[in-house]
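A.B. asks: The sequence shown begins at 0 in numbering that gives the first Met the number 0 and counts up by one.
Since the hints were made in silico from the structure, they are not lab data.
Predicted model, so just to flag it, every value in this text is computed and none were measured.
All C-beta atoms in this analysis are idealised placements derived from N, C-alpha and C, irrespective of residue type, glycine included.
Keep in mind that the hints are not guaranteed to be accurate.
[Said to hold, decoys possible] Below, in silico cross-link-like pairs of lysine-lysine (DSSO-like), each with a Cα-Cα straight-line distance of 30 Å or less: (1) K77 <-> K94; (2) K78 <-> K136; (3) K78 <-> K153; (4) K136 <-> K149; (5) K94 <-> K36; (6) K36 <-> K1; (7) K76 <-> K153; (8) K149 <-> K20.
[Stated by the list, open to error] Label pairs and their in silico Cβ distance ranges: (9) N148 <-> T180: 12 to 22 Å; (10) K36 <-> K1: 33 to 43 Å; (11) K94 <-> S18: 14 to 24 Å; (12) P157 <-> L27: 25 to 35 Å; (13) T60 <-> H117: 18 to 28 Å; (14) F96 <-> A158: 29 to 39 Å; (15) S21 <-> K76: 13 to 23 Å; (16) T26 <-> E65: 13 to 23 Å; (17) G55 <-> I135: 33 to 43 Å; (18) I164 <-> T26: 19 to 29 Å; (19) K78 <-> K153: 28 to 38 Å.
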Amino acid sequence: MKLVLLDRDGVINVDRPDSVKSRDEFTLLPDVIPAIKLLNEASIPIAIVTNQAVVGRGELTRDGLEDIHDYFKDILKKKGAFIDKIYACTSTDSKNFHRKPNPGLLLDALDHFQVKPHEAILIGDALRDLEAASAIKCPRILVRTGKGNKTLEKGLPPAVLPITICNNLYEAVSHLLDEETC
């Protein structure tokens, strides 16, 4: 594995129904830092690929979004971990190539890290994450955190299969590193 693509809300932090609009509302899910550290120790780059329409709707500024991401990176740094790159689509237009389920964010990350889709993996909690990865034939893991359980309850369309299902990010990373199965 040459690159791990992570959705943000519901995979890394608590997915709020009204969106995360400040660092005070950004709450990490359990075991996220150890999961990221495992990837760091394995020298596997990590890119976050996240829809943040909260900016496009005018409920958060781009600077506010950057502040949230800087806060997250500071938390990681204090714990000896890091994320390599963050890609965020702030558009509300479902036709925007970078807004998941479209694959633009993923393709930008793959291009930046010079990785082919089959050499990366996406870890997400929503159907749109799986659809974006499936569109470019990138392997995918669905975590049960965030929207994950509801996504499973609704049923997965054949187009996004096969996928691996894990309880959370730590379990998904451990699975990737062959330390345990989901």
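A.B. asks: Hints first: check each against the structure and report whether it holds.
C.D. replies: Verification of the hints:
no.	hint	result
1	K77 <-> K94	violated, 38 Å
2	K78 <-> K136	violated, 34 Å
3	K78 <-> K153	violated, 37 Å
4	K136 <-> K149	holds, 24 Å
5	K94 <-> K36	violated, 35 Å
6	K36 <-> K1	holds, 16 Å
7	K76 <-> K153	violated, 37 Å
8	K149 <-> K20	holds, 23 Å
9	N148 <-> T180: 12 to 22 Å	holds, 19 Å
10	K36 <-> K1: 33 to 43 Å	violated, 19 Å
11	K94 <-> S18: 14 to 24 Å	holds, 21 Å
12	P157 <-> L27: 25 to 35 Å	holds, 34 Å
13	T60 <-> H117: 18 to 28 Å	violated, 37 Å
14	F96 <-> A158: 29 to 39 Å	violated, 18 Å
15	S21 <-> K76: 13 to 23 Å	holds, 20 Å
16	T26 <-> E65: 13 to 23 Å	holds, 18 Å
17	G55 <-> I135: 33 to 43 Å	violated, 23 Å
18	I164 <-> T26: 19 to 29 Å	holds, 24 Å
19	K78 <-> K153: 28 to 38 Å	holds, 35 Å
Taken one by one, the earlier hints fail for this structure at numbers 1, 2, 3, 5, 7, 10, 13, 14 and 17, listed in ascending order.
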